[in-house]
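Protein chains: 2
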Amino acid sequence: MSYENTVIKERLASLRSVMEREGIDFYMMPTSDFHNSEYSADFFKVREYFCGFDGSNGTLVVSKDFAGMWTDGRYFIQAENQMKGTGVELFKMMNPGVPTIEEYLFANMKEGQCLGFDGRVISTSIGESLEKKLSAKKVTLKIDKDLAEEVWTDRPALPLHDMYVLSDELCGKSFAQKLSEVRDAMKKFGTGAYLLSKLDDICWLTNLRGNDVECNPVALAYAYITMDKFSLFVQEGEVTSEVKEYCDKVGIELRDYHSVMEFVGDSSFDSDVLYDKRNTNFLTFKTLLKKAQEGKVALKNEKDPTELMKAQKNKTEIANIREVYLKDSAKLTEFIYWVKKNVGKIPMTEYSAAMKLDSMRAELPGYIELSFPTISAYNANAAMAHYEATEDNCAEVKAEGMLLVDSGATYMGGTTDVTRTIVVGAISDEIKRHYTATVAGMLSLANATFLEGCTGRNVDILARGPLWDMGIDYNHGTGHGIGYILNVHEGPQNIRWRFAPGANEAPLLEGMIVSDEPGVYIQDSHGIRIENILEVVTDKENEYGKFLKFAHLTYAPIDLEAIDTKYMKPEHVKLLNEYHKMVYDRVAPLIEDAEVKAWLKEATREVQ
Amino acid sequence: MSYENTVIKERLASLRSVMEREGIDFYMMPTSDFHNSEYSADFFKVREYFCGFDGSNGTLVVSKDFAGMWTDGRYFIQAENQMKGTGVELFKMMNPGVPTIEEYLFANMKEGQCLGFDGRVISTSIGESLEKKLSAKKVTLKIDKDLAEEVWTDRPALPLHDMYVLSDELCGKSFAQKLSEVRDAMKKFGTGAYLLSKLDDICWLTNLRGNDVECNPVALAYAYITMDKFSLFVQEGEVTSEVKEYCDKVGIELRDYHSVMEFVGDSSFDSDVLYDKRNTNFLTFKTLLKKAQEGKVALKNEKDPTELMKAQKNKTEIANIREVYLKDSAKLTEFIYWVKKNVGKIPMTEYSAAMKLDSMRAELPGYIELSFPTISAYNANAAMAHYEATEDNCAEVKAEGMLLVDSGATYMGGTTDVTRTIVVGAISDEIKRHYTATVAGMLSLANATFLEGCTGRNVDILARGPLWDMGIDYNHGTGHGIGYILNVHEGPQNIRWRFAPGANEAPLLEGMIVSDEPGVYIQDSHGIRIENILEVVTDKENEYGKFLKFAHLTYAPIDLEAIDTKYMKPEHVKLLNEYHKMVYDRVAPLIEDAEVKAWLKEATREVQ
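Protein sequence lines correspond, in order, to chains A and B.
Take the first sequence: its letter number 577 is residue 583 in this note's numbering, and every next letter is one higher.
Take the second sequence: its letter number 568 is residue 574 in this note's numbering, and every next letter is one higher.
Don't read these hints as lab results, they were simulated from the structure.
Quick caveat: nothing in here was measured; it's all calculated off a predicted structure.
Careful, some of the hints might be misleading.
Same chains, same names: a pair is fine if it fits in one copy or spans any two.
[Stated by the list, open to error] Derived pair list, reagent style DSSO-like, types lysine-lysine, alpha-carbon separation capped at 27 Å:
#	residue 1	residue 2
1	K587	K572
2	K138	K194
3	K438	K575
4	K194	K309
5	K98	K552
6	K572	K546
7	K193	K139
8	K546	K438
9	K302	K138
10	K587	K306
Please build the complete structure, drawing on both the sequences and the hints.
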């Protein structure tokens, strides 16, 4: 007899009875918080509660006699295992013949039926698309109920952590200055009101920080901005006396986080309202829209103007970031030395190595938290795009092959990110060829000079070129923006060779921070990624325009044991030697241990 | 007393009296034929007739008491001179404070007035934009009258030259095969009818050629395509018995060119009609629109599907193109030798040098015509983007500096384009630095490997990089597509680093031909451009996708007298030597003169 997961089946039965009472025929549960954050807190893990699958991406759809869960290729095996005996059907996204959720609903919902979901965890674009498609079948939407509320009795609470204030000195710009720039942008768009839903943008604007999202130093919040008022919706329990005092002083009106929908629903707007469809959840959008229509004003969907302001770091931010990256690079250097010295001699797993690095970073002054969960992947594990070693499930690191470590932290002074692939023993000639080309690509991009107006698409080929030349590609972007004491992934800039139609393709501008991370991933064999973080600086301005270039922020040795210069153009050898000289000159003074320093000298030696 | 141009004034007076009779308050005369061709025949030079200015770009607007002519920076001085004493005001386009034509009309036309123009010489996009803007002032448009018709009594006739047939063997694909592919595209768009206005697309599709546009081997024509009929509108006088016989055989219904508007106006459409807004003139569009609306069918604005089919050359075309480029390269090589040998010894001007090259090309078998007027520009003249030497106005070429020659021809087997900048005497070190970087850029781009899906924007930086590295840019695209026994400029692909929003950014695909022409232009000093033509070929296909690369079609020596390898990366020196070896190996066998062959050996020697 086959195994039956009665726990999940009982939960689904309870959900179905609530659905019936509410007149909801299909209920959809995606993976998101109210702000489309990169990580969702336990409170939001409704899909996991009702089907058992705990991967980072998945949407559960339930009707009276059906339950289906959609996830992507990373999770097919895991989802099958975790949902065994639940009766929930697995839909393998992107596989041939597998319908999308929208297609499934369109085919299976009957005319006049009702689709329910919590409109706060669905983006406006997905919500609008569903609404449009299903309107042809006269399906109604019910989006103001979170049905889990009553079924999931032992649900974890919404994250509730103290907020804190960053000084104007640390931020380089006061809230008042930033607000004035935001209001200028609102005027430019012809809007007198602005609802901002994006957590890191709100933190950047207010110079406040929080701790409600894993690895992102942000607080759950909304901001509503008019020409004479700034209202911040946060949980009362997060407002310390320091935060309260600061808000009073700078003119931030504090309102309860939970009252935002009521506020929007009760407001009457006397001017057009600015919002960003990408960052506003569907319930907020629909509530706004209704009120706007009543007041005969329009909603203006524009890119949050805060996004670009936040991305172009000011002088203070840049100075602090440079310093933080040097210290972080020195720690990483010490860690690389530790791995190489100890591998094969002490017990070492992917997980224990990551813990070691995390604890070394935590010693640095101003350390706040990791900027993302450290990726530590040994040999073939490194070929898996989203591999995550856990204490219970991780490989032993032996004195052969390579260990890929992608890691970073947020400090009072900046947020870091860096990847090194560390040689821990014998490697093949093929690996050296791949490693050398990856390094050549990383250094080529970092060496680019380009006219202002270029986007990541213009320069991406410099990183991919050495790999493309040998018929290899990596199936991810080359670079992403990085926040200042904020999220490790931020827009609007990024470096890719192709963009989805209509995607945000922003020019690279002075003061932006961007990663440069080519890689090679050979299934069941090895994975290589080398990631430096770059700062966009001005080269010169003349009759042709403004020439920009990159400056390295990361200064950590690149493993010469995996470099064979016979696979490198002379130009790239030169770049590598120049980079290594800078690494030694800048990082050695930060390293106290003479043994490590001597090793670094050797690790950054000139190669021919 | 100032000079009065009574000829122009009398012409304008006659025009104004016709305008008054027709109830037209403002009359606009741009520079175009009915098909937005690159060159306009004398018949279309209405603007020149009414104001005296004969540059390649200009629009004249006339009202009862005003006449203004808009042109761009290339022509400010020339226009001022040529319009002296005419009373026509010069509007310097893009200069601060100078209104666009649309802005001028909007500001100066009175409510209810009438704007007239020949709707056949205005593109649909310009027409629609004017219509929209001026509708706010209740201005009406009269677009079905060419007022010059009655005033310009000695007007040249519309071009009328024999058409001819290319064999299926030469084209690699029959009309029937091409038509079947076009009909498949029509089905894909859901359209049962298709009006094609673009001359080179019509010629490509029918395997016919003509001689109605300077340097473009095309006939004035429209094609109207349904699922069971193909109608070709051409001037009866152009249809030779050979063409007639061919058309009868392959099922092309011949109709009179001048009846096309009547045909469209009388047709009743029973399915949606495909057209391309970029290539359809405003009168045709309005006539189509009216009939479509009557028949309750829609006009579908799509990119002409013929454009992409024409751009991806078939195997026969590619084979012929390769051969033609070799022969053309050998001729250019002989010309370079002739220049270098004779400069300072025989009288030589920019113009006479161009004539020499043109006559050498005309000796080649299958020569049809130049693919564009040869650009021959000496020293500082080469820094001017649109410099054109004429017999009466050209510089003497002396034994110092450089001569830039950009030239090409159409042969029975392909259309060529190539630029070389030839050293004719002493040059400065700065010029060598610029020249060397230009060559490095050209060779770098030609050496690219890239994944299918890349557009010209992805690879442009490879050509510009060496110049950007030294803070120099060129203010033009890096590359354009080229036709097969057709126009030297064709889409959809091109290589640029930025595109206007909404511009056509087409992927580079196997079989496409594209130019690679970086340059340096230093005002009042020198101009350098090196242009090779490249073919897109498949490198390999594997799990990452299809990798493409370029193969040179042009094999002519690059002047080593202007190369200083100390300004080059070792990689670029290697590319240069590899290229020059190919030049010698492929071109020397085509050169009979032993002296030239010996010189070529030296001119393509390996450099260190």
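Status of each hint after checking the structure:
no.	hint	in the structure
1	K587 with K572	both (21 Å within a copy, 24 Å between copies)
2	K138 with K194	between (31 Å within a copy, 24 Å between copies)
3	K438 with K575	both (14 Å within a copy, 24 Å between copies)
4	K194 with K309	within (13 Å within a copy, 35 Å between copies)
5	K98 with K552	between (48 Å within a copy, 26 Å between copies)
6	K572 with K546	between (34 Å within a copy, 23 Å between copies)
7	K193 with K139	between (35 Å within a copy, 25 Å between copies)
8	K546 with K438	between (37 Å within a copy, 22 Å between copies)
9	K302 with K138	both (23 Å within a copy, 26 Å between copies)
10	K587 with K306	neither (51 Å within a copy, 61 Å between copies)
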